[in-house]
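**Student:** So you can see what is in the structure, the chains are spelled out below.
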Amino acid sequence: MATSATYRRAIRELASFLGCEPTESAVYERRLATPADEYASSLLRATGTEWLLLDDGFPAPDEGEGWQRMGELAGCASAPVLRIERVAEEALAAGERRLDELLERVRDAVTRARAGGWAALKTIAAYRSGLDVGPPDDAAAAEALARGGRRLEAKPLVDAVLHAALEANERAGPLPVQVHCGFGDEDLLLPAARPGLLGSLLERYRATPFVLLHCYPFVREAGWLAHVYANVCFDLSLTIPHVARPAEALREALELAPFSKLMYASDAARTPELYFLAARWWREALAEVLPELLATAEVEEAARAILRENALRLYGLA
Amino acid sequence: MATSATYRRAIRELASFLGCEPTESAVYERRLATPADEYASSLLRATGTEWLLLDDGFPAPDEGEGWQRMGELAGCASAPVLRIERVAEEALAAGERRLDELLERVRDAVTRARAGGWAALKTIAAYRSGLDVGPPDDAAAAEALARGGRRLEAKPLVDAVLHAALEANERAGPLPVQVHCGFGDEDLLLPAARPGLLGSLLERYRATPFVLLHCYPFVREAGWLAHVYANVCFDLSLTIPHVARPAEALREALELAPFSKLMYASDAARTPELYFLAARWWREALAEVLPELLATAEVEEAARAILRENALRLYGLA
Amino acid sequence: MATSATYRRAIRELASFLGCEPTESAVYERRLATPADEYASSLLRATGTEWLLLDDGFPAPDEGEGWQRMGELAGCASAPVLRIERVAEEALAAGERRLDELLERVRDAVTRARAGGWAALKTIAAYRSGLDVGPPDDAAAAEALARGGRRLEAKPLVDAVLHAALEANERAGPLPVQVHCGFGDEDLLLPAARPGLLGSLLERYRATPFVLLHCYPFVREAGWLAHVYANVCFDLSLTIPHVARPAEALREALELAPFSKLMYASDAARTPELYFLAARWWREALAEVLPELLATAEVEEAARAILRENALRLYGLA
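Protein chains in written order, with the numbering used here: chain A, 1 to 318; chain B, 1 to 318; chain C, 1 to 318.
Be aware that one or more of the hints could be misleading.
Each pair may be met inside one copy or between any two copies, as identical chains are not told apart.
In silico SDA-like links for lysine to any residue, alpha-carbon gap of 20 Å or less [as the list claims (entries may be wrong)]:
1. K155 / A79
2. K155 / A140
3. K155 / P135
4. K155 / R97
5. K155 / G134
6. K155 / T111
7. K155 / Y127
8. K155 / E273
9. K155 / D132
10. K155 / L312
I should point out that these hints are in silico values taken from the structure, not numbers from a laboratory.
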């Protein structure tokens, strides 16, 4: 059996929900014995979610069902989030090698996003060339593009695509922009994913609401950004279902940041168990931490803001 | 009402001191109803401060009263701290465009500082070009200066001014040098403000006592520097009145650093409430943390060192 | 008396073991009054160690007794760890100025290491030019070598030596490679020692088991690497006997990392007191933290893995 504290705790938590022995094999058997939709739906509905916003670039579009299907399983409203790099890579896959046409395609998708039902944009620049996004350099970007390849990873090109998207977004009346920050899969250079590197980008696009995702182990740095920039919010996403001390991450998040800037999220994508665990552990952490930091009369206000109202307001879902 | 945990706690703390309801409006009314000097003085005197050392470059000299006035309000001795960048920017404002004359002006101010009553020097290089201060490069500095502007921000120029000040200071018999580290206002690139970047500067000016200010969220890094360099002390300054867990910051500070290297400070500048909150919360944090880390007989020794004696010794005020 | 919390605690811990008053002078007198071997042996044997693995490059080989002698004093098996930079610096001291011959000497030592009884390799690149190890650049390395000097510190040369060692090690059937990460003595630029910088090296040498040493204050970053890379383990080494909250370091280590990836170590080298303190405080920290993170039935499994079994398996000592 896997030996991380969180995995072990997850098995116990799932077993309790499923009504089986707290062992890996019992949980696995229960999963296999339940029809897949029924199993997923029971976990998703136990979260009490009203709105699901899902990245449209992970897993790859042809790998499975998307945001609509997850919303049906959860019995709630849902909407997609437009992954900027997905749009650019579809153009690369189609053989696009002219920079102006590539950027125009990105701008076009972004400009149409709100009308098309997308609730936000998202960038995974942290995975490709890091969050120290430089000013646009079209010559270097064109040169990188000319070298070919279907993966958007050369820094000048990643940065050029991101600037094109952010400019078009501000012109169109900006949607919120989610930014992958901090830990993730192994194809990430962690020091390049620290949210503090974003400074100049957050200043350049002042009219854009940014949402910093995940952030671990740079949670305090994200909290400082949310504290000093009016246009920055953050969540802890996969920190909560993956890190053994969700309450400690929450304490660090709220050391500086106002609770009007922190939002519930799970990064669960297509894994029903993660929806369930994130919802359970976020609420437990809030119940533990908020009374330490606030007066009794303020606790419910803060919990409702973090779990619901901040997101409804930011994404215009209310 | 603002939604940070610290703001909410500050309202309750101030209301308790002012004897009013624990609401923002009640505190604000009390403030407006009390003559300004009386209000400021009551908060400042409640801190039990013996000596106030104030940065002479913030707020700008023409924006209000300075170190003398704050000392009078607090009923204690006071002295100014010479902000190196203020001196250089006064020269820029006066139209100085020759590097040797600019640096001479900085050297001159530093050399006269002790006789003029300044208790220390201070640098805010972290706000301008970062703490990875390179070796002096006069050619690059002269070129940056020739480009004009009243703000000292080009890296070679910021570094050249800092080296000039530090060299003159060591020749004159050094005053302690305060270094802004870690968080602050939004015109700061947080990764460039990490104290660990200072390594070579701390080695180059071995005869100079350095004091690392604020340090959050790099408190542990500052503690390590205070642990390995004989000429490095640190404080937590604005960490204590702004971060929701002052005790946790203190724990991190003392994980490695000797308590003879940590000093009380508030960064309160001209805000009477911050003097009061810092004094109250520092003492609470010390009362909570020191008994966890030390034997009973050592707690008072450590508290007196951090609150008073380390600073008297370092700044030669005893 | 020194004023770090850990020093004060160490005096009390040693006094309790030695049966004397809890004062610095009483501990020191007891040390002087006991024959050196008897004193060292009593502390080493109190740790209950089965195997000692010691860096063969610190202290310098001619400064004292080595791994064999420490093993005799501890009454247990012992083996040396080959410090890659030691081999290269012996070549520099012998006047070697041809890059191919220098690298061949490194490759040769590494290739013979297992047969010669070495249990692992070790690199202190963090102390010399940082953990952002670039791809091999023989021209730049040759140029740096031609400039002379007995200390391996120019980045292209440090990196070239490390690549030569790692390549030879994989060809020979790899020994584990220990990597100094995080804090240490003052001749270290802390931001260059963060384990997250190792990303590309860990990917390039996929067949090599890496062990990240010390890691403070980047313990969470090390835990993430151990979580996502199958070939990465870590310890906390000198974090435990030097940092005032060993339990907190352990909590951070296990936030993400599986307990099969964390290993007991002390970095005690030739200091008998550090062996004793590390052993005592590691066990205390495990007894405090593991029950917080795991079910009762899992605690002993995790403690045995961290204290013993992970290392026996990794180093092939079982």
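**Student:** Taking the hints in turn, state whether each one holds.
**Tutor:** Going through the hints against the structure:
1. K155 / A79: neither (30 Å within a copy, 46 Å between copies)
2. K155 / A140: Classified as within: same-chain Cα gap 9 Å, cross-chain 25 Å, threshold 20 Å.
3. K155 / P135: both (11 Å within a copy, 18 Å between copies)
4. K155 / R97: within (16 Å within a copy, 37 Å between copies)
5. K155 / G134: both (9 Å within a copy, 17 Å between copies)
6. K155 / T111: neither (24 Å within a copy, 38 Å between copies)
7. K155 / Y127: Result: close within a single copy only, 11 Å intra versus 26 Å inter.
8. K155 / E273: For K155 and E273, the Cα distance exceeds 20 Å both inside one copy (35 Å) and across copies (46 Å).
9. K155 / D132: For K155 and D132, both the intra-copy (10 Å) and inter-copy (18 Å) Cα distances are at most 20 Å.
10. K155 / L312: neither (34 Å within a copy, 43 Å between copies)
Hints 1, 6, 8, 10 from the list above are not met by this structure, while the remaining hints are.
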